[in-house]
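> What follows is each chain in one-letter form.
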Amino acid sequence: MFAAQLPPLAQSLFSLLAITSLLLAFVMLGSRWLNAYLGAFALQSWLIALLSAAVAYYGGYPELYGIAVLTALFRGLVLPYLLLRIVRRLKVDRELHERLAPSSSLVVGGLLVLFAFVVAHHVSKALGLAGTVAVLALTAMLSMKLIGFLMLMVRSEVVSQILGLLVIENGIFLGSQILVPGMPLLIELVILFDLLVVVACFGVLVRYLTVHAGTSSTRELRRLVG
Amino acid sequence: MSPGSLVAIILLAPLAAALACELIGAPRVSEYLNLLASIAVFAAVLRLLPIARGGPYTLLHGYIIVDPLGAWVQLSVAAVYLLASLYAIGYMRSIDKPARLHRFYALFAGFAFTVLLGPLMNNIGVYWIAIELTTLVSTFLVGFDKTREAVEAAWKYIVVVSAGISLALLGIILYYWAGSLHLGPTYNLTWAALRAVAPQLNPTLSLVAFLLVFIGFGTKVGLAPMHTWLPDAHSEGPAPVSAMLSGALLNTAMIGIARFIGVIDNVHLGALPRTVVIAIGALSLAIAALFITRQTDVKRLMAYSSVEHMGVMTLGFGFGGPLGIAGALYHMLNHSLNKSLMFFGSGDAMHAYRSKRIGRIHHVLTAMPVAGALWIAGAVAITGAPPFGLFLSEFTILRAGLAGPNAWAVYVMLLLLVVIFVGFLNRFRAMYFGESPQAAAAVTRWRAPRQERFWCLLPMWLALLPLLALGVWWPSAFSHYFSLIAAQLGGGAR
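Protein sequence lines correspond, in order, to chains A and B.
Position 188 (the first sequence) corresponds to 188 in my numbering; numbering is contiguous.
In my numbering, each number is its position in the second sequence, counted from 1, plus 226.
Rather than coming from a laboratory, the hints here were simulated on the basis of the structure.
Owing to the predicted nature of the structure, the values given are computational and were not obtained by experimental measurement.
Using N, Cα and C, we set each Cβ at its ideal position, and we do this for glycine too.
Certain hints may be false.
[Claimed, not checked] Computed footprint of chain B on chain A; a stretch qualifies when at least three of its residues, placed anywhere within it, have a C-beta under 8 Å from a C-beta of chain B:
id, segment
1, 123-130
2, 143-154
3, 166-173
4, 195-206
5, 209-221
[As the list claims (entries may be wrong)] Across the chosen pairs, the derived CB separations fall in these ranges:
id, chain 1, residue 1, chain 2, residue 2, range
6, A, Ala130, B, His494, 19 to 27 Å
7, B, Leu641, A, Tyr65, 53 to 61 Å
8, B, Ser320, A, Tyr65, 54 to 62 Å
9, B, Ser320, A, Gly110, 50 to 58 Å
[Claimed, not checked] Facing chain B, from chain A, some residues (calculated, C-beta under 7 Å):
id, residue
10, Gln161
11, Leu179
12, Val180
13, Gly182
14, Ile187
15, Val190
16, Leu224
Turn these sequences into a full structure, and let the hints guide you.
Encoded structure:
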């Protein structure tokens with residue numbers, strides 16, 4: 001297992017990057033401003049690109065340098081730009097009616113990280129990897145997943161929902177860089193590309209929503225029940 | 227013909243039709259192009275079925291697999307695609323949006339392409355992508371009417387399903403990780419590779435991965451409690467799209483669950499994973515029963531019936547064994563035919579009464595004698611009454627369950643099937659007989675224009691007659707096919 005035989009410096013670097021990415025998810029959770037979400041998301045993507053490069057360097061996977069560049073380009077620049085365009089068009093700059101105030105969502109987010117850690121610890125112990133960076137990678141992966149779901153639940157602006165999904169994706173990508181760096185290149189490329197298509201589709205749907213439903217808040221979408 | 231050229235026809239025909247519809251931009255040409263593609267696909271799948279028995283064959287450096295299970299799912303998908311393409315001609319002409327009709331057929335053929343892609347994927351990561359693609363294309367079909375409700379349904383659909391399916395991606399990566407501890411850091415995560423390495427996988431990690439994958443693809447299948455997108459999407463899309471969603475799309479996601487159950491059987495985990503599968507299947511039946519008995523919208527009624535039947539199939543795969551798998555697969559084909567018929571009937575009723583509300587629809591046989599008769603025959607069939615196919619398949623699944631350790635689920639299933647039978651047909655009683663004779667006199671016979679009538683009725687006959695045939699005669703060739711699939715999935719395990 002790659003994560004078990006790393007030099008101490010690499011271990012610390014990986015941990016630092018994973019933890020900072022997780023903290024940025026909390027920045028999104030604790031803010032009301034859509035621009036702050038976008039900034040945090042872009043920064044998170046850059047950190048993950050850095051992580052890919054670090055894994056490429058320490059693990060000897062040269063193809064991951066390419067992934068790092070593409071991650072920075074797609075997730076760090078193109079996606080935030082596309083989302084920024086949506087935000088500008090909507091003329092909404094903050095979350096107005098969250099179901100849970102940012103302060104309370106931070107507390108819930110903390111509990112979710114705790115839960116993720118328990119699961120990660122349990123799994124790593126079963127694999128004999130307790131105390132390695134694998135625990136941290138798994139924790140970050142699961143927590144960002146749960147935080148993304150939390151954002152989907154408590155936020156109602158369409159942009160916040162898209163970002164919730166993107167945080168989930170970022171979490172999976174972050175974890176997979178550390179846990180399975182040897183994953184076939186094709187799969188990683190297709191997933192990157194897929195993300196771009198997803199956001200493009202969301203962009204079109206947001207336009208439909210504002211034009212045909214007259215709203216950019218999912219709180220207003222309550223016609224279909226039962 | 228070789229499997230390669232057949233697969234090429236199956237995938238390229240709808241793709242070419244989609245591109246041509248978009249480029250040519252003429253509504254009449256588009257509808258026939260799409261129909262032509264669906265006929266080509268259906269013919270190719272019929273030819274592929276016997277060939278796949280000799281499989282599995284892999285093509286394109288092992289990225290495409292042709293095996294009996296995939297070919298069987300392709301059969302149900304191709305049948306629904308053909309029926310829905312026929313019906314779409316009549317249905318879409320009468321909703322009067324000629325300017326965007328070519329776009330509809332381009333999306334429709336593109337959707338068929340993505341749905342046909344899924345069962346052929348050998349690499350699990352690429353399979354996931356195929357499932358994700360189906361969501362992206364069909365979202366725009368669900369929102370095609372661009373009414374407030376349609377856009378709402380499309381949004382809920384893409385958000386709920388994308389979030390759910392991301393769980394499946396996480397599960398797949400955990401499987402890859404578990405496998406990489408034995409196969410080295412870089413390998414091809416195919417179904418066969420995963421099944422082969424399964425006995426060595428760490429049980430704890432495999433269990434977490436299996437649960438994530440099951441919940442993830444279960445969202446796409448529409449199992450409760452992840453079914454929330456399904457009634458919205460099925461009820462707001464145009465009728466042919468609803469038929470494709472219910473009869474084709476759900477099956478391609480179900481095949482993933484069936485294959486993962488085959489994998490998890492080889493991990494030393496005891497009965498736990500199968501118990502989870504069975505419990506979720508039973509819960510889907512229970513949720514469907516609750517919503518069916520109190521339903522006021524005719525298309526949502528059909529949608530909850532899909533939740534029910536996906537639950538039945540999940541129970542079949544969960545009970546396992548050659549009998550359970552055979553029952554589930556037979557159920558898949560029967561349900562695809564039957565649910566198409568039901569959505570076609572609701573589409574006709576919506577045109578005749580200009581409403582989806584069950585309370586506004588009454589004395590259907592007066593308004594549309596032929597289509598109405600076919601529709602109620604379908605309603606009797608879908609509740610699992612003999613002599614139709616679903617009775618046989620549900621009975622087989624019940625028998626499979628009784629032989630296994632989870633016999634409690636059989637009694638739950640039986641009870642809920644009775645509740646659904648009563649609840650579902652009670653809704654139809656309201657629509658066919660109504661309260662007062664005065665209201666009956668007010669109903670006038672609804673007649674679609676002559677040409678459209680042909681396109682609307684033909685697919686309903688084509689769905690009902692095989693359904694009746696499959697109810698009285700279980701071909702022995704099918705049994706042979708099912709036992710091949712059961713062997714491939716390691717179906718001996720209980």
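> Each hint needs a verdict: does it hold in this structure or not?
Cross-check of the supplied hints:
Counting residues of the segment 123-130 of chain A whose beta carbon lies closer than 8 Å to any beta carbon of chain B gives 3, which reaches the threshold of three, so the coverage claim holds. Judged by the Cβ-Cβ criterion of 8 Å, the segment 143-154 of chain A is covered by chain B as claimed, because 4 of its residues qualify and three suffice. Check on the segment 166-173 of chain A: 3 of its residues sit with their Cβ under 8 Å from a Cβ of chain B, so the three-residue criterion for coverage holds. Against chain B, the segment 195-206 of chain A contributes 6 residues with a C-beta closer than 8 Å to a partner C-beta. That satisfies the three-residue criterion, and the hint holds.
Counting residues of the segment 209-221 of chain A whose beta carbon lies closer than 8 Å to any beta carbon of chain B gives 6, which reaches the threshold of three, so the coverage claim holds. For Ala130 (chain A) and His494 (chain B), the Cβ-Cβ distance of about 22 Å falls inside the hinted range of 19 to 27 Å, so the restraint holds. For Leu641 (chain B) and Tyr65 (chain A), the hinted distance range of 53 to 61 Å is satisfied, since their beta carbons lie about 60 Å from each other. In this structure the supplied range 54 to 62 Å holds for Ser320 (chain B) paired with Tyr65 (chain A), their Cβ-Cβ distance being about 57 Å.
Taking the beta carbon of each, Ser320 (chain B) and Gly110 (chain A) are about 56 Å apart, inside 50 to 58 Å as hinted. Satisfaction of the interface hint for Gln161 (chain A) is found here, the shortest Cβ-Cβ separation to chain B being roughly 6 Å, below the 7 Å cut-off. A hinted interface residue such as Leu179 (chain A) counts as satisfied when its beta carbon comes closer than 7 Å to some beta carbon of chain B; here the least separation is about 5 Å, so the hint holds. For Val180 (chain A), the interface hint holds, since its Cβ comes within 7 Å of a Cβ in chain B; the closest pair sits about 5 Å apart.
Because the closest C-beta pair between Gly182 (chain A) and chain B is about 3 Å apart, less than 7 Å, the hint holds. Among the interface hints, the one on Ile187 (chain A) holds; its C-beta lies about 4 Å from the nearest C-beta in chain B, closer than the 7 Å criterion. A least Cβ separation of about 5 Å between Val190 (chain A) and chain B falls short of the 7 Å threshold, and the interface hint therefore holds. Among the interface hints, the one on Leu224 (chain A) holds; its C-beta lies about 4 Å from the nearest C-beta in chain B, closer than the 7 Å criterion.
The structure is consistent with each of the numbered hints, conforming to all of them.
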